[in-house]
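Participant: Residues per chain are reported as follows:
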Amino acid sequence: MYHKSECEGFQCEQRMLEESLGQENAQTGLVDRLVGWLRQRSLFVLAYGTGCGAIEMRPLMTSRFDAERFGIIGAPTPRQADVLVISGYLALKTLKRVIRSYEQMQEPKYVIALGSCAINGGMYWDSYNTIKQLDHYLPVDMYINGCMPRPEALIEGFAALQKKIGRGEPSGFKRYRENIDWYKANQRRVLGENMPPDYTYDWYHAGGVA
Amino acid sequence: MHAIVDSLAMIGISYVMGFLFYGFYRQFNARVQRRWGPSLWQNFFDNMKFLLKTETLTHGPMFFLGPMIIAAGAITTVLFVPFLKDSDWLQGFSEHGNLILIIYLLVVGPLGNALAVGSSGNPFGVMGVTRGLTRLMGLEVPFFLGLALVMLQHETTSVHAIMAAQDGLAQWNLFTNPIAFIVILLPFIASQNASPFDVVGAPVEVYAGPRVEFGGRLLGLLMTQNMMMTVAKLVLVVDLFMGGAGNVPILILKAFSLFLLTASISLVFPRLKTEQTVDFFWKVPLGLGVLGVIATVWLPWGA
Ligand code: SF4
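Protein chains in written order, with the numbering used here: chain A, 15 to 224; chain B, 3 to 305.
None of these hints come from the bench; they were simulated from the model. Misleading hints may appear alongside valid ones.
Some chain B residues near chain A, calculated using beta-carbon distances under 7 angstroms [claimed, not checked]:
id : residue
1  : P40
2  : L54
3  : T56
4  : E142
5  : G218
6  : K285
Treat the numbers as computed from the prediction; the structure is a model and nothing was measured. The beta-carbon is built from N, C-alpha and C at its ideal position, and this holds for glycine as well.
If we strip away everything but chain A, and leave its shape as in the complex, we get:
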């Protein structure tokens, strides 16, 4: 049986991006871990209902599965959110709004992608107006697979993200900052002239100081 564990061609881009972060993992100090421990207990979620997966966010947040017991509650605006949940396939039009919402969030911020559509295109693989791999446009911290993932799976994904934050590991927003050119080039490739306005990432023009 043909089984490949190595990436091929463009699939390796992701690993190249994450390589630079790998070395930082070792040096998470005491303060990082303490801050991470505090952060992990409170995640405000901006649930962007892009695809069918959005329907599973409601039982997660309400009485049946009650995500609030893990400190996970909905945020009314991107400004106050820590986690952006992309629930399913992303049309190009939506991608533009999602990028803008993501850039308005205050750091540290995380992205959770639900469903196979956000991982590899899923059943929309050959659609003319959806993107296939979300990770080419926004830095995803946690994938939750399934079509669509049930609330239990979402809770597990959130718990895994919380563990990751608790260890104080650098996360996606750093990757976004360091490889902004690559992300912006990818976004420009699919959005063309319709790029979102650039004042939401003006630190890019300020040479990364802002």
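Chain B with the ligand: place on chain A using the hints.
Facilitator: Quick look at chain B with the ligand alone, frame taken from chain A:
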């Protein structure tokens, strides 16, 4: 030296009580909705997380000064409300102030809010502030009337003197002047931004209203001051109506029972519209307040 330690202790106590009370509120709320709810410490974690976030927004200087003004107003209010009766500690600067000063300090928050939100230019924020100021119009009048009733009853504006006048359970203003208590309680719930008067920050209608543009540290600061302000108001009502407290456990007990009362009221009533809120305030608490003034001032059995 004493003043500094005392002030820090008051600020610390009001913060700790604030997040524990709010944590309790969220858990209570969850149990009523038949779920487990977050831990008691959840509000502390939320607040710390926001204080540890970055703040990359720029909307001009007023946007940054607004939360500072609000927080300064809250801390000053905490320092002018005596937490304990007949004690050297937890007094802050309360012997230099009185009820009139506290009334003025209570308005600093909404003012700073309007300044900051106005400069952010977010339409939802402006909508929230408009709603807030409309509601303020409704709640201020009965609130001040209720305070005036208490001042009339004791013929003093000093919180210390009012506390001292309520020795035993029978002398509590809660029992000697129940009308004033009801007149104050309803605007008090509204000033805590609790349901049914929470139309200002409705999350899905106006996207958190005045707080729509705040994220990161400024939002953390706003949360902190909100918790401290709530405790300051609770302690003020405890001082005025429940005879104050001799030591910290009694204080927590009394403030907590008052909080439980307001929390239970706000759990079971759904949100009112802005104009319904103002209507309600100008009918029920204000009508009661006017009756109370007539009863205290003109009728023979009044003071
Ligand atoms: S993964 Fe399945 S459920 Fe999710 S958006 Fe795609 S098709 Fe819909």
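Participant: All hints, please: hold or fail.
Facilitator: Do the hints match the structure? See the list:
1. P40: Because about 5 angstroms separates P40 (chain B) from the closest Cβ in chain A, which is inside the 7 angstroms limit, the hint holds.
2. L54: 6 angstroms, holds
3. T56: 5 angstroms, holds
4. E142: 27 angstroms, violated
5. G218: With Cβ-Cβ at 4 angstroms, under 7 angstroms, it holds.
6. K285: 31 angstroms, violated
Going down the numbered hints, you'll see the structure goes against 4, 6, while the others check out.
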